[in-house]
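Generate the whole structure from the sequences, applying the supplied hints.
Here the sequence shown is numbered in full-length UniProt numbering, starting from 1 and rising by one per residue.
I should point out that these hints are in silico values taken from the structure, not numbers from a laboratory.
Mixed in with the good hints there might be a few duds.
Beta-carbon label-pair distances, calculated as ranges [unchecked claim]:
#	residue 1	residue 2	range
1	158	643	41 to 51 Å
2	242	280	17 to 27 Å
3	354	595	55 to 65 Å
Ideal Cβ positions, reconstructed from N, Cα and C, are used throughout, including at glycine.
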Amino acid sequence: MMSFFSVRWLSALALLVALFLAIMFAGVALTPDGVRTRNAADQFDARAARERLVRMLGEETPHPVDSAAQDVVRENLLREIEALGFQPEMRDAFSCRPQPRGPLVDCARVRNIVFSVGPTSGPSVLAAAHYDSVPAAPGASDDGLGLSVWLEVARILRSENLTRRVIFLFSDGEEPGLLGAFDFANNDPLMASVESLVNLEARGSRGPAVFFESNQPNADAVSVYGAAPRPIANSVMADVYALLSNSSDVTAMTRPGLDIVNVAILDGLEDYHTPQDNIASQDLGSVQHIGDVALAVTRRFAQQADADVAQTMVYTDIASRVFVSAPSWLGQVVLGFCALVIALVFWRTGAQGRWTALAAPPLAVAFAGGSSFLADLGLDALRPGADYGFAFPEPTRAWVVLLAMFAGVLGLMALRGGRSGAQTGAAAMLWFVIIGGALSLLLNGISILFALPALVFTGAVLLGLVWKPAQQVGLWLALLAVIIIWAPMLHLIELALGFQMPFALTLISAFMLLPCLGLIASLRGEGRWRELVTIVGLGVIVSIAMSALVPSMSQARPRPLNITYFLNTIDGEARILAGSAERALPKSLAGIFEPEMILPGDRVATWAMPAPTENITPPALQDVMVTSEGGERIIRARLVMNGAYRVILRLPLAAQPLRVRVNGVLTDFADTGGEGGAYMNVACQGRACDGAMIEVALAREEPQDWYAIGQFPGRTMAAAEALGARRGPTATPIQMGDGVTTLSRFRLE
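Take a look at the structure:
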């Protein structure tokens with residue numbers, strides 16, 4: 001009994017418990033500060049911003065692009081701008097944008113709002129947010145938050161001396177396809193003067209403001225962001241974001257030489273694009289933080305000329321209190337220097353146990369990633385389509401971290417960790433640096449996250465030449481640096497991506513824990529490892545079991561689920577649809593739906609059940625004319641919406657569609673992207689689509705079938721409404737929301 005509860009055993013266990021708690025609750029360190037009760041005239045007032053938002057949104061009705069509800073919000077917004085003493089201008093245009101990640105062209109009438117402060121001409125800074133919402137959401141945070149913040153910033157900057165003009169752009173049509181920003185970037189003469197862009201977004205309703213996207217080279221943007229209070233950013237998140245399919249207005253406006261600071265709040269994903277995106281859900285502390293950041297960054301941009309430094313920087317915050325940046329090449333140099341020093345130190349620890357010490361860290365990392373992948377596969381098999389980490393993420397976060405710990409102590413036990421704790425620690429830090437260098441070749445921005453802890457350890461090692469305990473102290477300091485820098489980043493990745501790839505989060509956790517392997521080996525000494533492995537292993541089993549048992553949806557975090565009445569006018573049959581069949585349904589709806597392929601070109605089945613056929617007039621193409629011109633087949637028609645808000649025309653790729661003109665706006669299909677498929681899509685949303693003239697050029701002249709998908713968000717049918725009531729409080733509409741969808745076919749000879 002005394003051996004089991006030895007000081008060494010308790011010390012090693014205490015270290016693991018402390019690390020586990022630090023990682024599990026790292027998000028607490030990112031909590032925005034409280035709202036200031038008093039503000040100087042030149043400080044951001046979150047309460048004033050909130051009051052304007054309340055007046056702008058009125059009854060908090062969803063206000064998608066070119067809708068009657070948006071007219072109300074636009075008028076309210078214009079009144080707020082005028083009340084501050086500005087004279088806003090409205091840019092009315094019909095915009096079509098080819099989507100680069102899919103075979104789709106989106107179109108709508110957009111009305112951008114612009115006004116400015118500072119010099120009346122010359123170089124400018126663009127302060128951007130969008131004022132449309134998705135049909136299912138009031139848009140209080142996405143992007144009413146950005147609007148209210150910019151109005152308060154405009155009030156403050158109006159009384160300051162600015163070197164560069166600040167143009168405020170409240171864009172329209174962001175949600176369907178960045179249409180307003182696309183039109184501004186390509187057609188508005190003001191864009192020619194823009195040297196810097198600050199964009200505000202929200203992918204949730206609370207949490208800190210995160211600098212998540214910039215340009216390359218990014219030296220000017222990074223330098224300016226250094227003025228932000230409570231900075232929260234790191235360059236690897238920007239690198240990862242660039243690889244994702246996500247987009248914001250920045251995507252449509254970016255160009256070489258444009259300095260970009262894109263800031264968003266990420267917590268509260270369950271509210272994003274749902275009816276819960278309302279003022280009641282929005283955290284005022286988040287308004288304060290993003291407002292302070294927006295003011296500081298825009299003020300710095302506007303008070304100085306464009307430095308135009310063509311250098312790529314790597315950067316990170318430290319506990320959201322200090323912002324550190326360096327040229328990207330320096331991060332690589334530091335890692336190379338540290339690798340040489342640590343390799344020498346490791347070699348000098350002696351030949352005994354050298355290769356087992358060197359083998360333990362990579363085996364632990366590989367085991368952590370592999371076991372996490374298998375655990376995720378097992379949970380998905382037990383709970384298909386459940387998204388098990390959504391409603392209660394804590395158990396999943398726990399096993400992600402505990403698996404990394406288990407892999408570490410198991411590796412030390414299996415290989416006995418080397419001859420000494422110092423040898424194990426040097427081997428682990430050497431692998432930490434090697435992994436950092438390798439990853440930085442793929443994601444340049446990650447180098448600083450490895451370089452800072454490695455530099456701390458290397459400095460201590462060099463100090464050890466004159467003070468022997470310094471190397472052990474260096475391990476503790478390196479571990480502290482890793483936890484302070486990496487643990488909050490792990491939390492932000494969880495907010496941004498969820499647990500779609502838990503093995504990646506486990507690998508990150510394993511990287512974080514490498515500096516502690518030598519410390520664990522030193523604390524445990526020559527004693528048995530079985531106790532540590534058993535305790536951590538039990539923790540893994542319990543947390544995985546909890547992930548398998550906890551609900552995947554809750555009232556606090558409802559899962560997205562639209563209930564749609566679908567009418568197929570081709571065969572006269574109707575269905576009630578309940579979203580993708582890849583996702584599990586609530587228990588109240590399970591068992592009454594079957595997976596079906598619903599639309600032409602679908603690749604994923606939809607939950608569907610038979611429904612009574614209702615009399616619904618679908619959108620139509622009228623006045624169709626087919627001609628041959630210059631070796632091309634030209635089809636002209638007038639689109640009649642028949643009450644639909646959005647229509648998607650699906651044209652067979654076999655007909656080789658070349659370009660489309662909607663209401664006079666020409667778009668080349670070659671500018672679209674994505675994985676292709678069988679159809680090219682042209683989507684038009686809003687009132688201006690009713691009666692829109694459409695002209696399509698095709699390379700092949702042969703009979704073909706076109707399809708029209710009509711969407712009527714908010715329209716109710718009794719059968720669908722009854723099932724919607726059974727959805728319960730643990731599921732919620734999202735994006736287009738509940739409504740009616742129709743499918744029609746047009747034969748073109």
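Requested in this report: Determine which of the earlier numbered hints do not hold for this structure and return their numbers in increasing order.
Outcome: 2
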